[in-house]
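Enquirer: First to last, the sequence lines map onto chains A and B. For the first sequence, the residue numbers in this note's numbering are 47 to 430. For the second sequence, the residue numbers in this note's numbering are 4 to 258.
Hints in this document: simulated from the structure, not taken from any laboratory. Positions of the beta carbon are idealized from the N, C-alpha and C atoms, including for glycine. It is possible that some hints are incorrect.
Far from chain B, some chain A residues (derived; all Cβ distances over 12 Å) [stated by the list, open to error]:
#, residue
1, E190
2, D249
3, Q272
4, L286
5, S303
The calculated DSS-like cross-link candidates involving lysine-lysine, where the alpha carbons are at most 30 Å apart (straight line), are [as the list claims (entries may be wrong)]:
#, chain 1, residue 1, chain 2, residue 2
6, B, K106, B, K66
7, A, K217, A, K327
8, B, K106, A, K217
9, B, K106, A, K327
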Amino acid sequence: MVEAAPNRAFLCVLYAPCSHAYRFFIQATATMGGMNATLTQPPHSSLRGLLPALAACALATAAAGLLLKIFDLSNVVALFLFTVVLVALHWGRLAGAVAALVGVLSFDFFFVPPVYSFHVSDVQYLFTFALAVAVALFTGRSAEQAREARLRVEGERLRHALLAAVSHDLKTPLTAIRGLAEMLEAPGQQRIDAARAIRQQADALHRQVGNLLDLARMQEQGVRLQLEWHALSEVVAAALAGVSLGERQVRVELDMSLPLVELDGCLFERVLSNLLDNAAKYTPHDARIEIGARAQAGTMVVYVQDNGPGLPVGITSDALLQPFTRGVRESSIAGVGLGLALCQRIVQAHGGELRASSNLPTGARFELRLPLRRAPVVEAERNR
Amino acid sequence: MSRPRILLVEDEPDIRRFIRLALEREEMAVFEAATAWEARIGVATRQPQLVVLDLGLPDGDGKEVIREVRGWSSAPVLVLSAREHEQEKVAALEAGADDYLAKPFGVPELIARVRAHLRRACLSGPHGAEPSIVHFGTVSVDLATYEVERDGMPVHLTPIEFRLLAALIRGHGKVLTYRQLLLAVWGPGYVDRPHYVRVYMNNLRQKLEHDPARPCHLITELQVGYRLAGIGRDDAAPVMPPPLLERRLQASHHA
């Protein structure tokens with residue numbers, strides 16, 4: 047066991063550059079093949095994988111040419127086999143088969159004597175060729191099956207989350223509205239309370255439906271921005287006017303000399319009102335909320351922070367900004383966890399980023415950064 | 004004094020019912036219309052002092068109704084619209100609407116807007132004169148002498164700032180689109196520069212609002228335009244001619 051440790055360390059050392067090289071390989075072949083692929087993107091079994099397959103074979107041939115100076119021809123074959131497996135894993139069965147075929151042909155043409163001809167002097171190579179094609183087909187098929195299973199599970203999970211979220215968060219206010227409407231038949235103060243509560247629930251429902259529709263629209267058509275040069279103070283004021291924060295104190299920290307920012311006013315108001323709404327939802331009724339902005343080094347920083355209980359423990363900032371992630375599961379607090387996800391999408395569409403962090407000593411802080419472009423000139427007024 | 008007559012144009016019966024109840028509670032006489040066709044007849048026969056109009060009607064576009072009605076009536080039009088269509092709001096305002104409310108809206112908000120428009124229609128009506136001194140909050144503006152005071156202290160406005168403020172005052176609390184303000188203050192060469200209005204509005208707020216970050220009077224209607232809220236008038240003040248457009252409308256109304 048004592049010798050095992052250095053071995054493992056050695057493996058780790060070896061693994062890191064390999065995994066980098068692997069990522070590089072995938073990116074490079076995808077780029078050469080004219081595809082904008084990332085590792086997380088589900089691979090395609092259609093014709094779109096063909097160009098990367100060809101690019102991969104070209105890379106492998108070039109590498110084989112270099113390696114041949116050191117290694118024996120029979121060892122270089124392994125490089126082609128490796129390429130075929132990678133292509134099959136990433137671009138599906140068809141691309142794998144194409145890579146196998148092209149790889150075999152290029153190996154035959156460039157390396158198998160007589161060189162620069164498709165003629166094969168040794169029949170043993172035919173066995174190698176057949177093996178390469180078989181490996182490609184086999185890995186391609188298994189990869190495809192594994193991928194389908196993964197997508198199925200992922201889709202199932204998302205559908206589940208959506209159903210749970212929608213049924214909980216849309217049904218809760220509806221139940222309340224119905225019950226409260228029935229309470230309206232009661233006399234006096236109860237009636238006034240019921241009426242007020244109905245209005246609040248309707249507002250909550252309105253916001254949820256708005257978020258859901260906006261997010262669905264953005265998933266479908268992408269975010270379409272109607273960019274104009276805005277005074278941030280106006281957008282903040284509109285957001286503040288649109289949310290109900292109860293008795294919570296709000297402080298606005300805005301320098302009125304802030305430059306104009308180019309943004310979609312309505313969508314950005316949505317971001318700020320969601321952040322404010324979020325702050326109100328997760329803080330006690332006597333909490334303090336602060337919204338502010340400042341310009342620094344080519345960036346506009348806008349933040350919403352509170353002195354409430356802070357971010358939920360064990361959920362990362364990234365996860366918090368995903369749809370269907372909620373601070374408190376199945377609580378009385380309404381919200382499908384779409385608000386922050388929507389904010390994230392809108393801010394990203396503006397070329398900015400949104401981060402959640404802890405506000406010291408207590409509370410949560412959401413900060414978004416927008417790149418500042420030079421505002422258009424407003425001609426100075428001639429003084430008369 | 005007779006009860007103000009309101010024409011309510013909305014195709015959804017439940018919405019029509021609650022608006023009707025809310026307005027009737029405020030001692031107003033409400034006439035209903037469910038289609039664009041009924042709306043045209045209603046405006047002609049009932050001679051309402053104000054029209055509440057839903058833009059999405061089953062038999063036509065509400066904007067067309069506004070345009071037509073504007074040809075022969077100066078009654079303020081309050082548009083009801085679904086929230087997401089900012090362009091739609093701008094188009095309705097430029098077709099001649101005076102104000103809009105986004106659905107879903109609250110009853111107090113509706114009543115406040117209806118009252119404000121009735122009041123100004125009454126003031127700037129055919130027999131009313133335009134007083135030159137106007138108040139909002141602790142600010143008073145004399146349109147004839149270009150003097151502006153806040154909390155009793157004189158405030159210096161640049162010529163453009165004053166023209167912008169005057170345009171909002173002449174709007175009598177109606178929402179003015181960026182285009183309308185740019186045309187009125189800067190002229191036709193500037194209609195594609197909404198940021199001019201934003202910069203000067205920012206200046207005005209700093210000079211006239213107590214908390215410029217949370218304005219009470221110079222109100223932004225995001226991506227649509229601005230309106231002046233809480234406006235009051237000094238009725239004893241000397242006469243100021245109404246703006247040209249309004250005079251023309253009144254003339255055609257009386258013809």
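Enquirer: Hints first: check each against the structure and report whether it holds.
Expert: Hints, one by one, checked against the model:
Listed as a non-interface residue, A/E190 keeps its Cβ farther than 12 Å from every Cβ of chain B; the least gap is roughly 41 Å. Look at A/D249: its CB is around 8 Å from the nearest CB on chain B, not clear of 12 Å, so calling it non-interface is violated. For A/Q272, the requirement that its beta carbon stay farther than 12 Å from each beta carbon of chain B is not met, with the minimum near 7 Å. Distance check on A/L286: its Cβ comes as close as 6 Å (rounded) to a Cβ of chain B, failing to clear the 12 Å threshold; non-interface status is violated.
Once the 12 Å rule is applied to beta carbons, A/S303 is inconsistent with being away from chain B; the minimum gap is 9 Å. The hinted pair formed by B/K106 and B/K66 meets the criterion: a straight-line CA distance of about 17 Å does not exceed 30 Å. Distance restraint check for A/K217 and A/K327: the Cα-Cα separation of roughly 18 Å lies within the 30 Å cut-off, and the hinted pair is therefore satisfied. Distance restraint check for B/K106 and A/K217: the Cα-Cα separation of roughly 21 Å lies within the 30 Å cut-off, and the hinted pair is therefore satisfied.
Among the hinted pairs, B/K106 with A/K327 is consistent with the structure: their alpha-carbon atoms are about 23 Å apart, no more than 30 Å.
When held up to the earlier numbered hints, the structure conflicts with 2, 3, 4, 5 and fits the remainder.
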